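Undergrad: Protein chains in written order, with my numbering: chain A, 1 to 135; chain B, 1 to 210.
These aren't lab readings, by the way, just hints derived from the structure by calculation.
Small disclaimer: the values here were computed from a predicted structure and weren't measured.
Pairwise CB distance ranges, derived in the manner of DEER restraints:
hint, chain 1, residue 1, chain 2, residue 2, range
1, A, Asn119, B, Ala171, 55 to 65 angstroms
2, A, Gly77, B, Gly33, 15 to 25 angstroms
3, B, Thr156, A, His122, 33 to 43 angstroms
Every residue, glycine too, gets a C-beta built ideally from N, C-alpha and C.
Listed below are the residues making up each chain.
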Amino acid sequence: MSNANESSNPSAHGHEIAPGDEPEAAGDLGKAVRGYLLGLVLAIALTAASFWTVSTHLIYAPGVPVAVLVLAIAQMGIHLAFFLHITTAPDNTNNVLALAFGVLICCLVVFGSLWIMANLNHNMMPMSEMLNMQR
Amino acid sequence: MSAAMHANEEPVSAAKGHGEGGPADRRIIVGYGFWIFLLSDVIMFASLFAAFAVLSNATSGGPSGRELFDLRTVAVETGCLLASSFVCGMASLAVQQRSQKWTQIALLCTGLLGLTFILLEIHEFARLVARGAGPTRSAFLSSFFTLVGCHGLHVTAGLLWLGTMMAQFWAKGFRQTIRYRFLCFSLFWHALDIIWVAIFSLVYLVGVSS
Numbered sequence: 001m002s003n004a005n006e007s008s009n010p011s012a013h014g015h016e017i018a019p020g021d022e023p024e025a026a027g028d029l030g031k032a033v034r035g036y037l038l039g040l041v042l043a044i045a046l047t048a049a050s051f052w053t054v055s056t057h058l059i060y061a062p063g064v065p066v067a068v069l070v071l072a073i074a075q076m077g078i079h080l081a082f083f084l085h086i087t088t089a090p091d092n093t094n095n096v097l098a099l100a101f102g103v104l105i106c107c108l109v110v111f112g113s114l115w116i117m118a119n120l121n122h123n124m125m126p127m128s129e130m131l132n133m134q135r
Numbered sequence: 001m002s003a004a005m006h007a008n009e010e011p012v013s014a015a016k017g018h019g020e021g022g023p024a025d026r027r028i029i030v031g032y033g034f035w036i037f038l039l040s041d042v043i044m045f046a047s048l049f050a051a052f053a054v055l056s057n058a059t060s061g062g063p064s065g066r067e068l069f070d071l072r073t074v075a076v077e078t079g080c081l082l083a084s085s086f087v088c089g090m091a092s093l094a095v096q097q098r099s100q101k102w103t104q105i106a107l108l109c110t111g112l113l114g115l116t117f118i119l120l121e122i123h124e125f126a127r128l129v130a131r132g133a134g135p136t137r138s139a140f141l142s143s144f145f146t147l148v149g150c151h152g153l154h155v156t157a158g159l160l161w162l163g164t165m166m167a168q169f170w171a172k173g174f175r176q177t178i179r180y181r182f183l184c185f186s187l188f189w190h191a192l193d194i195i196w197v198a199i200f201s202l203v204y205l206v207g208v209s210s
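The shape of chain A in the complex, shown without the other chains (with noise of 0.2 angstroms):
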């Protein structure tokens, strides 16, 4: 199984790495799982704190989905530090930037549709009226 041509070690090229490769790990099996673990105990964590917030009646209520939305966010980017590899690293800079990129349009489509939403809603005519205008 010798690959002369190509190295398996994503390191070796120095400059750039591809997602969901670990930069500096690989080769050294125990730290690459110790990463791994550590990213499932944080996403448990952050999973069982999530519903433990929505099951308690310590948390005033109307900030529940506030603190599920924060955890949920946190978690995200356990999963993409972690599992994915996508990190802050010079190596990592075009992977970064089309992920900026791609939660900028999330953002755009959510925020937007609900704002422009809630606006129609608010301008629309009760529906009482409008049945008087058909008559």
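Following the hints, complete the assembly by docking chain B onto the known chain A.
TA: Just chain B, lined up with the frame of chain A:
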């Protein structure tokens, strides 16, 4: 052009990723291209999330999320998918180590956990339809089934892809092209888990609490 190729040149690409040094290594091109595809897939999910958020109160007198969702099932589904994502990471380490046995074991565990997830989801959908809360009941339920069902379809497609990856590793060994495909598969599988984080938080947990 070929005169520039010196004998002492490194076999790996000299691309720096900043527009210098010629074409990048093929693994980077494949991975980056698939990363762009995944981001566009995530944008499609964002539009489904937007539709769900807009319609989440349009229950048309029917049941709301608070009455329908069973958080116990959702917690088990979440655990399955998270563990599956972790084991998929173990599989990519096994591929790096060129270990056929551990690659197959890890991929089998990944697949079984993914299958458990999808069966639980089908069971949940069947339960909702049986109690008259199918996708035709209200706009809220239509957008719910579209969003969660679309994620479920992605997981199903991922399971089929996983099966073909296991067969390819088994029949052809750790060839370069097959490892490129596996890089794409692991990106896909981890991305599905990230989307599920958004679903269980924003659809189920917020739906039950509000």
